Amino acid sequence: MLRVAIVFGPLVVFPLVTNSSATWLINIGVFTLMFAGLATAWNLIAGYTGYITLGNMAFFGLGAYGIELVFQHVGVGAGWWPFLMVPVVGLGVALISLPIGWVAYRTRALSFIIVTIVLVVVLQYLALNLTSLTGGSLGISMPTPQFAPGTFERIFYFVMAALFALSLGACWYVRQSRLGLMMFAVRDDEDKASGIGVNVAVPKLIAFSASAFLSAMFGAVWAYYLATIYPQFAFDAEFTSMAIILIGFLGGAGTLWGPTVGAFILVPAQQYMAFTLGANDYYLIGYAAVFAVVMLTMRRGIVPTINDLLDRRRRGRISQLGAPRSTGAPVAEPLEAAVGSAPQ
Amino acid sequence: MTVFVQALILGGLTGGVYALMTSGLTLSFGTMRVINLAQGIFVVLGSYLSYLFFTDVHIDPILSILITAPAMFVLGFVLQTIFLRPIRYNAHSLSLVMTWVMAIGIEGVLSIIFTTNQRSIVTSYANTSWTFGPFEVPAVRVYAFALSIVILAGLYFLLEFSKFGRAVRATSQRESAAKLLGVNTDRVSAVAFGIGCATAAAAGCLYGLIFIFNPNTQYDLIGRLLAIVVLGGLGSYKGAFIGAMTLGICEALVQSFISPQWSDLPFFLILALVLILRPQGLFGLRERGAA
Amino acid sequence: MTRPTLKGRSFTRSSAVLLLSFSALAAYGGVVTSTASASSKPVVVGISLSLSGDFSSTGQAGKLGYELWASQVNAHGGLLGRKVKLIIASDASTPNQAQTNYENFITHDHVTLLAGPYSSLLNLPSAKLANRYHYLFVEGAGNGPAVFGACLPNLVFAGGPASATNAGLVWARYILSLPKSKRPKTAAYPDLNTSFSLGEADAIQKMFQRHGIKTVYHTVYPAETVDLSGVMESVKAADPQMVVSGTQDTDGFAQVKAALDLKFSPKYWFMTNGPENPVQFPATIGKQNVTGFFTTDIWTPTASNPGNPQFVSAYLKKFGGKATTINSTAAETYSVGQAIQFAVKKTHSLTNEKLIRVLHKDSFTTLASGTIHVNKCGEPHGNQNLEEWVNGKIQIVWPKAVSQHAPLIPKPAWKS
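Chains as they are written, first to last, in the working numbering: chain B, 1 to 344; chain X, 1001 to 1291; chain H, 2001 to 2416.
The shape of chain B in the complex, shown without the other chains (with noise of 0.2 Å):
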């Protein structure tokens, strides 16, 4: 708990603090927290039960249609009432998308990853073109919050918060549960784990779905921040996709605080150089060297290579003291476990 607070305490306490013209630190706060909440709902199922997707778009961005259509056929109007309906709308595209993960996991690793990323292809595809649901290219208005603007961020802020302890939460419980256990099963050796009796089925799709609830939750609230959607932007595949996984990686899948240490150090100097650097496409390179040296230096991620740091120097004074081994070459590491060490 103690742990919850030093981390939750200055996120709750910072928008209440600054004045009113630090607004441009909230929305950056807002992104931030938007992207550590999608990566840790990405790792329920790439960090835990090992299934790397890059198809969380594709609830992202139902989340984002699925409140629009909330606003056309239920009137909410613009306050407070919308933020009601967006558990009703993560509830609905968590439901559509059992049947969709289990076609997925029909396939296993990489075919798996390129079902994703079609699943998302297709997705704004069908976007574009049911033009009398979804307004198509044209893109489709929502009604303007009516939050003063003084407070327009801030509310916000908090939502996204809320919402990115309700992923930390999801991940934290099922790291304690024998759910849990059943997803490192799968992660570890699925048909071995299937082989003594786990139905791997269950954790498989509770993690899909757990997975496609949040981020059509933060597809639902980002649609109502910036009040419009576009097919392009709602099911981006290309960046924002692959921002999520990235900021995972960097983080380091698998663990609990990964995702979030690599979403507030990425998404902050992110919009940072684009704002000062983007002036030319050297941005591109610039992100995409940034990236290519970490993974390179740092490959299973921040927090592991910092706990591996400190283990080890932990260890070197108590060698005598049989300190716990908790990490070591032999011992199966989240990522590697997660994907094989050699092609077999």
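Please note that a few of the clues may not be correct.
Stated by the list, open to error - To spell it out: a stretch of chain H is covered by chain X in this simulated footprint if at least three of its residues, at any positions, have a beta carbon under 8 Å from a beta carbon of chain X; those stretches are:
no. : region
1   : 2177 to 2188
2   : 2212 to 2221
3   : 2226 to 2237
4   : 2247 to 2254
5   : 2261 to 2271
6   : 2282 to 2289
To be verified - Here chain X is said to cover these stretches of chain B; the calculated rule only asks that three of the stretch's residues, wherever they fall, bring their Cβ under 8 Å from a Cβ of chain X:
no. : region
7   : 108 to 117
8   : 120 to 130
9   : 244 to 257
10  : 292 to 299
Since the hints were made in silico from the structure, they are not lab data.
Predicted model only: the values in this text are computed from it and were never measured.
The beta carbon of each residue, even a glycine, is placed where N, CA and C say it ideally should be.
Following the hints, complete the assembly by docking chains X and H onto the known chain B.
Relative to the frame of chain B, chains X and H by itself:
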């Protein structure tokens, strides 16, 4: 009926070029179990290189392949060695991410050098087409198809009958065993990646002759290429070829017959159906493990 | 099985990273806010442009237009005696970044004025944000239906005389002005599924249908289509006398290439976008094939509307190059500056509320739109000019009052 056959012709010819593009994906997947998300930008790079040779040096783009393909082979080899080899044994998914990082890096460079203006390689024969009865057959597409078949055939012979080809197949089947037998799998993978890049150079030239491109085209391409290899089965050249032809013909038929609005949908429906009935794709092997 | 978990000391370290990054941001915010308020002499204009990503080529052109305007204003004493300073940030062609950029401009940099980015997709959410803070939002590149549909009180479109939907009607009017014997009787409409092109082509189609020109083929193809041979095949099979293509640029070029392959050349061919690109159009379809293509645009380098020759020569002096390579987006953003300048001069003020009021009340003149009046949703109701490729150049051919050359019909056959 005319429209049907015309569509069949055009779609089939385009399918050949797609098949050439996907051969690189199959090569890198087979030897490294890595999906090369940079294949799209390699094709675009090939287009730009041929474009440069044509507009600045006035060499026919198809001839320029003799220069661009070896150059891109070297590029592929180097990229694999610097960026992919160090992390190979960490995680295949990490390699996937790394290939995407390479892709946006290259896209950035291309955007700076060439800007995002749309280009096309407009040779004197770019818009000629031959008339066979009621059908128009564009010359460029025929050349493209023919060249694709030639290169794919060459690749086939390389893989089936050469020592290197045997090494590639051994590495693809079981890397540890190949290593035990003395195959330098690291070098094999690097060379395979280089070859994949070289075929992309050729495919890029052909693509640039038929279509219009700029650095962003890689996104259109990579989505299609990935869907093709999944349909055909990861790691299968035969499957990739059939998948490519299916996509090309499907698109063309639906576009002229039903409605262009939904021209991509039937292909995705077929893909979904195949995945449900036969998850490894048409000719792929059942994968083990979670990833 | 043990796995590395974030407990104890390592957790504290990680949370320290979190706290550090956050406090660094807060400190940065604090430090810069305190210095920003000190400088108030120049008129600061915050602009987000797509300098990388999908819209980057037009974004870069737009930047030149804004810069040219700023330098000219400053050479003549600035706005109300104060120099104009532009801060331009790139949004990488994404709305999230555009949102962040304008948020930064308004609440961090406290800019005096704003100007719009490229594309309806980015203008709409940015304008909404600006509206929240009651900033004037003049933009030159987003005139799709969704933008005016939102009816934002602070929005003014200064990049052309008409909305995207009405932009193409000049073509319909021209055809209908011809004697009946010379008019085409049948038409095909291959349209791209995007906001501008589709709306524009649909408006033209409706007008033609009302006047008895039969639609023999109509289709809408998806945004990512690269291969239009199937579409053009169906167009050819329907044997239309006129083709009206609702296109953006890439697919516009692709349609023509497919038509060349299929040896299909209609007598009248109008495209909503594509032919107005002075360099890319002939480069992608071949110089010998451009004659006879019609389009509309707000501006050509050789147009004689007031202020244009001066704009062109000033542009070439500052940036070099040839007149024919000037991208019209530069003229559009320049016009945005002109509109702002007019409002400031008229009201003798830099207060956004006053500027919003005057631009919605009075008519004003810009390079791109001529003299126009915008309605309360920021939409102007003027007419664009009809252009055609004649004698190897793109020229205004209709209406007669502004034409540089008589229209050439029918379109000549392809030169093989």
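8 Å C-beta criterion, at least three residues: is the region 2247 to 2254 of chain H covered by chain X = holds (count 4)
request  = Closer than 8 Å, Cβ to Cβ, for at least three residues: run that test on the region 292 to 299 of chain B against chain X and report holds or violated.
outcome  = Satisfied; 4 residues make the cut.
inquiry  = Verify this for me: three or more residues of the region 108 to 117 of chain B with a beta carbon less than 8 Å from a beta carbon of chain X.
reply    = Check passed, 9 qualifying residues.
ask   = the region 2282 to 2289 of chain H covered by chain X? Criterion: 3 or more residues, Cβ-Cβ distance below 8 Å.
value = holds (count 5)
query = Three or more residues of the region 120 to 130 of chain B near chain X by CB distance under 8 Å?
reply = holds (count 4)
query = Per the coverage rule (Cβ-Cβ under 8 Å, at least three residues), is the region 2226 to 2237 of chain H covered by chain X?
reply = holds (count 9)
key: Cβ contact check, 8 Å cutoff: the region 2212 to 2221 of chain H against chain X, three residues minimum   = holds (count 3)
message = Can you tell me if the region 2261 to 2271 of chain H counts as covered by chain X, using C-beta to C-beta distances under 8 Å and a minimum of three residues?
response = Holds: 3 residues of the region 2261 to 2271 of chain H have a Cβ under 8 Å from chain X.
ask   = Taking 8 Å as the C-beta cutoff, is the stated coverage of the region 2177 to 2188 of chain H by chain X satisfied by three or more residues?
value = Not satisfied, violated; 0 residues make the cut.
query = Are there at least three residues in the region 244 to 257 of chain B whose beta carbon sits under 8 Å from a beta carbon of chain X?
reply = Contact hint for the region 244 to 257 of chain B vs chain X: holds, 3 residues under 8 Å.
Consistency note: the structure conflicts with earlier hint 1 alone.
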